[in-house]
Each structure stands twice: as structure tokens, then as C-alpha cells.
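**Student:** Here's the letter readout for the chains.
There are 2 protein chains.
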Amino acid sequence: MGATDDTRRSLGLVETQRVVLYTEDDPLVLDSGETLAPVEVAYETYGERAPGDGNVVVVCHALTGDANAAGHHGDPTRPGWWDTLIGPGKPVDTDRLFVLSSNLLGGCQGTTGPSSTDPATGEPYGLRFPLFTVSDLVRVQRRLLAHLGVERVLAAIGGSLGGMQVLQWALDHPDELNNGIVVCATARLSAQNIAFSAVARAAIMNDPDFQDGDYYGTGRGPDHGLSVARMMAHITYLSEESMRQKFGRRIQDRDEPRFDLGVDFQVESYLQHQGKAFLDRFDANSYLYLTRVMDYFDPFADPTRVRERLARCRTRFLVLSFDTDWRFDTSHSKQVVRTLTAHRVPVTFREIASPHGHDSFLLEVPEYHRTVAAYLDRALAEAR
Amino acid sequence: MGATDDTRRSLGLVETQRVVLYTEDDPLVLDSGETLAPVEVAYETYGERAPGDGNVVVVCHALTGDANAAGHHGDPTRPGWWDTLIGPGKPVDTDRLFVLSSNLLGGCQGTTGPSSTDPATGEPYGLRFPLFTVSDLVRVQRRLLAHLGVERVLAAIGGSLGGMQVLQWALDHPDELNNGIVVCATARLSAQNIAFSAVARAAIMNDPDFQDGDYYGTGRGPDHGLSVARMMAHITYLSEESMRQKFGRRIQDRDEPRFDLGVDFQVESYLQHQGKAFLDRFDANSYLYLTRVMDYFDPFADPTRVRERLARCRTRFLVLSFDTDWRFDTSHSKQVVRTLTAHRVPVTFREIASPHGHDSFLLEVPEYHRTVAAYLDRALAEAR
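Heads up: the sequence lines are chains X and E, in that order. Note that this note's numbering numbers the first sequence so that position 383 is 383, with each residue one more than the last. Note that this note's numbering numbers the second sequence so that position 254 is 254, with each residue one more than the last.
Derived by calculation from the structure, the hints in this document are not laboratory data. Careful: at least some of the hints might be erroneous.
[To be verified] Sample of chain X residues facing chain E (criterion: CB under 8 Å; computed from the structure):
hint, residue
1, G126
2, L127
3, I194
4, A195
5, V199
6, R201
7, R244
8, F247
9, R249
10, I251
11, Q252
12, E256
13, F259
14, D260
15, D295
[Stated by the list, open to error] Chain E stretches covered by chain X per the calculated footprint, using a threshold of three residues with CB under 8 Å from any CB of chain X:
hint, segment
16, 201-215
17, 240-250
18, 283-292
Beta carbons are placed, not taken as given, at the ideal position from N, Cα and C, and that holds for glycine.
So here's chain X without its partners, still in its complex pose (with noise of 0.2 Å):
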């Protein structure tokens, strides 16, 4: 039972599968009651579904993952992002597990989102495209389920943002998830989690060619504010000390300090690669959307509202934090399982001790894969 490192292997090749959702006869409601259609979905599933459903595993990316979670599109050296945890004999073991991962609403890596063509007008949406809610994320996630036709879920699994929509899932339909599992997550952004977010919105919308969002097409785009925005958060999503041992105050490709104001020590190369890269991957409009998502993310707010939900509620979680994460750190966590613990709902809580900050949800940490397979294995031998 559970993963170890003899076992683990990758997925190898992997492809991702596109479906349309919703129609302009059939749109996407949103919370707001604006409607939105077409909806495209982009989506890989890994594993194979046992006869009655009982093995579904959805995973739920953050800010700025995709749908390839794991395996890969061709380069076995750029495995997807949560090829760490999701593989053959890894603990989300897909030997026995159907493991079902799309890209979310408002994304740009293959669902519509504001990179979108509007039909309305034939041009790309910008910040013509609708405001949603992680409410929304998760009605998407479940009309792809229904599309595919699944009825059950053993578990949805997420990080940070991903996590925020298994909280929400849970909420919004009480019966339909077997187990949610919640890593470095949060039920209500604090005034400094929001504070990054508006810099880094700032960043990217004063841009001068932000151009009021309509950049698309035009030669020139935010991408000096959109590379600015994800350094910032970089910092962020590592710890001090993690940084501390990765850079220290390291000169890049030399012993002596050059003394002037460009690129001198390791940490700042490494973050301007991080933001460069960034913008090959990534919309600036996408960005200023999913980042406003968790900003308004509050789904503990009302107390009468929370109370009829969790008391219906037939999910069992687990939660996790990890006692370097900064940008969520734990007791974000443990705000969660306060409240789903006075409520009544069963929740396993772990502090996974990890020196790599946030980011540590996506590396091979071995309390934290040991605790998910454990959680994921026993979970399945109650659903048989």
C-alpha cells in the first residue's frame, strides 16, 4: 500500500483532449447571472475508470497550472506539474485510481477564458469576459464529469487555488464528493494575500500596453507588468530559508559582484527567468482574472448559510499545510478545519513540516505524498 520510490513511475505520453460544454442554447450561467457560451474545456485523464466509478480522483489546478498534471506532452524532461504526486505507484496512484484534470474557466491553456474569441463581436473577449466565482469553477468541473458521464467522485485534490474550489465543491452540492483534499489552501484571502494580488494587478494594468486589456493582436502586450507580477509572487512562494539555501547572496556565473544595477546576484537571475519564461505560458488577462477569483473567495462569510450546507455535508477532508508556506501558511488551514470541525464534518489535519514555503505542494515532500497515498488508499477501500 501507498507509494514508494521503487514503484513510482512516470505516465509517459499523455494528450490533452478538448470538449465544448456549453452552447450559445445551453450557456454557462454564472453566479453573477451573466451567461457565458461557447465553453471549451481542456482536459487529460489518466488510469482507467473502475466499473461503478468508485476510483475517480479530480484534480483541481492553481492560479497558474494547466491540464496536464501529470505525464507528458512529448519532452519527458518538462513532466506535467503534478507528475510528483500523480502517476503509477505514486500517491495518487493512477494503477488503481481514474485521475480526471482540466484547465479551469477564464484560463488560457485551452479552456475560454478572456483570451477567448467573443462571438458576440469576433474579437477576443479581454476584460469583456465575465467576472466568476470558484462557484463557477466548480459547475465547470462538474459539467465536464457530467459530459463524461460520472456519478461519483472519490475525491477532488488541490492546491492553494485548487484547494479553495474542493472547500467550494464541497459546499455548493454537500453529497457529491466522497473526499475532499485541501493542500495549502485558504478559506478567506488576508489583507496582505490581497495586497500581492493588487500589486501585482497594478502591475499588469498600468502597463502602458495593457491597453485596457485589448493588447491581443496589437505587436505589444503587458508583458513587462505580467513578468513583474509573477517575480513578485515568486518570492512568495518560497520560504526565506529556502531561499536562503537555493541563492544565499550568490553572484550569478562568477566569485565577484559586478557593482551595478543590472542582473548581478543568483536570485536575481533566477527570478527575471522566472518572469520571462512566464510570458510564454500565460495571459496577462488570465492573471488579473483567477487572482480576483481568490480575492473574493469568502465561503465561510455567512454563518447561517455555512451551517445548512455543513450539515449535509457527507465529504471527509483532509487538510494540509505545510509550516514554511508564507503565503497561505497554517493557520489558513486551520481556520478550515475550525470550521469544519464545529460543524461536524470529519477532517483529518496535517502541518507537513517541508523548508520549501507554498511551493512545497508541488515537490516530493515524503511526509506529504506518505499522508495523501494513506489518505487516498484507505478512502478507496471504503468506497469498494
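Got chain X sorted already, so can you dock chain E onto it with the hints?
**Tutor:** Just chain E now, kept in the frame of chain X:
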């Protein structure tokens, strides 16, 4: 002895003076070997000089400070940046002390910096301004003292970059300062500190209106980048808890969220305001140079040199940190204290409890003010 609220008064109207300290015949020779002239310095003095200069306190300002540390320039509602600390009956008591405060080399508020005219071209220096060090900042502080005929310094005091100058001064000129008061400073920026600094510079230098630093007189400049840099820096000046108390998740000017991408939460509004207001008083190139000076500051890097210098050091230190400061947390101050103590330099160290993060050094935190007042009382008594 010491300050009490009953006796605290503001200095009232004060004036900035200017003096040319270096000329082409007698230029400033920087650490790098480069020369700079003319160098003009803006400064203010408060209180009366005692015979024999036994009561001189030099104030060293932080990244974005200026010469106007105390009193005001005509509007009592806009007092100097350290008016909480300096004035009649205050911890730096101008009834008894003679206080000198100047704008730093490389600054933009009266002292020669990148926005000053390069006599070689008749144009502003921009990025042709030479890179300088904290030692160079001290060099100019000392030249101002020489100009005023001050022969002894009872104490130099500074927070953050100001404290770094105090430390460097005591190392470079071990017999000059009787006392050094180093508040929430560091002897070495961490990788995370440098990272924030690097993102701030990227925001400025990647701004399409930066024009390689030659934006003066063009009608456009890196305003967007500079405001983003300032917004981000502000997050690091406040503690998470103080942001929670000050803003929480409250909405600006209404009860219900607007649900849009613009400014909605109070914390967003605050940061936007801070970013914009900064543009009126600060030059982007000065921001680049002064942050870079901090990155390279590493006065304890060479153990042999430190041993030699500290063996001769006559300065007594008061080192203060704040328990919620995460820009330069207490571990930075402790590192300073450990090194000084290891070389038998007398140090009094206090970690002050304050909810306000790095910004605490500018605020009226009672234990902090009592500690500075008591330290200066004793210093003054011993000097007599």
C-alpha cells in the same frame, strides 16, 4: 529624565539649508575610485550646539527619507518623517541635543543624485551617475560635519538603511562615534530581501517609459513602475497583523463588494494611494541606486578586516529590532549584535514588541521611545 507625553512638543517651522561640499577642484572620491563633483547636500539642524560639541546627534535616513526629519516646512499637519522621535522633550531631545539631518548622496530631495545635472554634459546624470556604497554615504555625512566644524559626535542614529550607515561609520572610523543607534537594520540583506529589491528595480527599469534612465524632461517617466515598486515595498513595511487590523477584508467606501477588477478592498485603495503619492516626491533613478546600495552592503564579509576594525572601535551601540518586522527581522539585528559582541564592542540590544512591522521605527511605540530616550540620557551624562 526621558520623554513623557506631557512635555513632547514639535519643533514647529524649520528650514532646509544647502551647501556645496565638493567641487571640481576637490571632488568626492568614491569607494569605486570614481570622482563626483559638484556635490551639494541639503540638511537641517535642530537644537543648540553645546560648547565642545558634546551634544551632537547625526540622523541618517532610510531609503526614501529626506533632510526634514523633524518640525515642518509650513504645514504642521505634515511633519518631518521622524518628528515622533525628535523634538523638545522627545527621545532625541532638542532641548538638550544638537541634531543634524541631511539628505543622502544619490537622493532626490536637495542632495546631488541621478536627477542632478552632470557638469560634463549639462544634462541630468541618469544612469551615468556613479554607483556608490554605504561607506560613500558616510563619507558625505562626515564632510558635512567637517564643514560645520563639528569635531565630536555623541551619537549617530538611523533606522533601516539609516542604521546601516551608522554601523558602517563605526567600522570605517572606529574612534569617531561615541554611540551608534541602529534600529531595524541589517549587516547583510538576505536572498529574500534582495529579491524584493530586484523586483522593484525590474518594475522601474522594464517600464517602457524608463528610457534607460533618461526620462527627465521628456514628459514621461517610469511612473507606473515606480508606483508598483512602492506598493510592493509598502507590503513589506507592515506586518501581516497590522494589515489585518488596519484593513482586513473591508471594502472601500461601501459595504458590499463591487465585484470587478478595479480597486475594491480598502487595502488596494491604500496601496494605490501610496504608490501615486510617492511619485510626487521621489525620483525613480534614486530608488534604483539606493536599493542597490543596500543589496551590496556586507560590512562583515571579510572577517580579518572586521577584526582589525572592531578591535579599535570606540563606539557603544544600541541595537533595536521589532518583533513583527519581517523586512529586517530580529535575526538580522541579532547577527549584528553577535558580531559586535564577539569583538568586545559594547552593545545594548532590545527586541521591541510592536504590531507595526518595519514601519515601527517611524511610529510612537512607547517601549522603543523609552529605550532610545534612556540610552541618550545616559550617553549625554557620560559625555559631560
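**Student:** Against chain E, run the beta carbon of I251/X and see if the smallest gap drops under 8 Å.
**Tutor:** Since chain E brings no Cβ nearer than about 11 Å to I251/X, farther than 8 Å, the hint is violated.
**Student:** Under a C-beta cut-off of less than 8 Å, do 3 or more residues of the segment 201-215 of chain E approach chain X closely enough to confirm the stated coverage?
**Tutor:** holds (count 8)
**Student:** Tell me if the interface restraint on I194/X is satisfied: Cβ within less than 8 Å of some Cβ in chain E.
**Tutor:** holds (5 Å)
**Student:** Hold the hint about F259/X up to the distance rule: shortest CB distance to chain E must be less than 8 Å.
**Tutor:** Interface hint status for F259/X: holds (6 Å vs cutoff 8 Å).
**Student:** Should the hint that R244/X touches chain E count as held when the rule is a Cβ pair under 8 Å?
**Tutor:** holds (5 Å)
**Student:** Does V199/X meet its interface restraint, that is, does its C-beta lie within less than 8 Å of any C-beta in chain E?
**Tutor:** Holds, about 5 Å.
**Student:** Check whether three or more residues of the segment 240-250 of chain E sit with their beta carbon closer than 8 Å to a beta carbon of chain X.
**Tutor:** Answer holds; 7 residues pass the 8 Å Cβ test.
**Student:** Given a cut of 8 Å on the nearest C-beta pair, is the interface hint for D295/X held or broken against chain E?
**Tutor:** holds (7 Å)
**Student:** Can we keep the R249/X interface hint, with Cβ of chain E closer than 8 Å?
**Tutor:** With a minimum Cβ separation of about 7 Å from chain E (threshold 8 Å), the hint on R249/X holds.
**Student:** Hint validation: Q252/X versus chain E, beta carbon distance must be below 8 Å. Holds or violated?
**Tutor:** Given a least distance of 11 Å, the restraint on Q252/X is violated.
**Student:** Does the closest beta carbon of chain E sit nearer than 8 Å to the beta carbon of E256/X?
**Tutor:** violated (11 Å)
**Student:** Given D260/X as an interface hint, is the shortest Cβ-Cβ distance to chain E below 8 Å?
**Tutor:** Check passed: Cβ of D260/X comes within 6 Å of chain E, closer than 8 Å.
Checked against the numbered hints above, the structure breaks hints 1, 10, 11, 12 and satisfies the rest.
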